[in-house]
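Mapped onto this note's numbering, the consecutive letters of the sequence shown carry residue numbers 1212 to 1318.
It should be emphasised that the hints constitute simulated quantities derived from the structure, not laboratory data.
Please note that the accuracy of each hint is not assured.
List of simulated lysine-lysine pairs, BS3-like, C-alpha gap at most 30 Å [to be verified]:
#1 K1288 x K1234
#2 K1316 x K1288
#3 K1317 x K1288
#4 K1316 x K1284
Restraint ranges, calculated between C-beta atoms of paired labels, are given here [to be verified]:
#5 H1297 x M1248: 19 to 25 Å
#6 W1302 x L1274: 31 to 37 Å
#7 E1253 x A1308: 14 to 20 Å
#8 A1224 x E1315: 40 to 46 Å
C-beta: ideal position from N, C-alpha, C; glycine also.
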Amino acid sequence: MFGPHHHHDTDIAKNIRVIEWLKADLLASLSALFKAMLRGNEERLMDAFSSIIITCYVLGRRLGISFTRMDLKLESKLRQGIEEEHEMERWYGDLSALLAHLVEKKR
């Protein structure tokens, strides 16, 4: 009834739907973050931040980027920001603190 490409086509269509769902989920999480910031609710802030991070990693994976490659790129961007003295680094040391946190977690 179905040709040999039916399963492959179904997988592609499913992946496209999942990517669209993840994009919408990312926007919803960003909206939740902004609302939590207005209300000053720490639990909701953490929930929104966690959702954004998870969605970004999963979306990257759906687009062919492994979690390991994402981690390596994240560390690389942090190092670049530190070297280029990004404002958040210069003013608060946030990039160095995050890089140290990520490196320590690997141990």
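Range hint compliance [Cβ, W1302 to L1274, 31 to 37 Å]: holds (33 Å)
Restraint check for K1288 with K1234, where alpha carbons must lie at most 30 Å apart: Within the cut-off at roughly 23 Å; holds.
Proposed proximity, K1288 with K1316 (alpha carbon, max 30 Å): At roughly 18 Å apart (the allowed maximum being 30 Å), K1288 and K1316 satisfy the hint.
The hint says 14 to 20 Å between E1253 and A1308; measuring C-beta to C-beta, is that right? Distance hint for E1253, A1308 holds at roughly 19 Å.
Next pair to validate is K1317 with K1288; report whether the Cα-Cα distance is within 30 Å. Given pair K1317, K1288 holds - Cα atoms ~17 Å apart, limit 30 Å.
Checking one constraint from the list: CA of K1316 to CA of K1284, max 30 Å. Satisfied? Satisfied, since the Cα-Cα distance of roughly 16 Å is no more than 30 Å.
Is 19 to 25 Å a correct range for the gap between the Cβ atoms of H1297 and M1248? Holds, at about 22 Å.
CB-CB spacing for E1315 and A1224 relative to the 40 to 46 Å hint: Distance hint for A1224, E1315 holds at roughly 42 Å.
The structure is consistent with each of the numbered hints, conforming to all of them.
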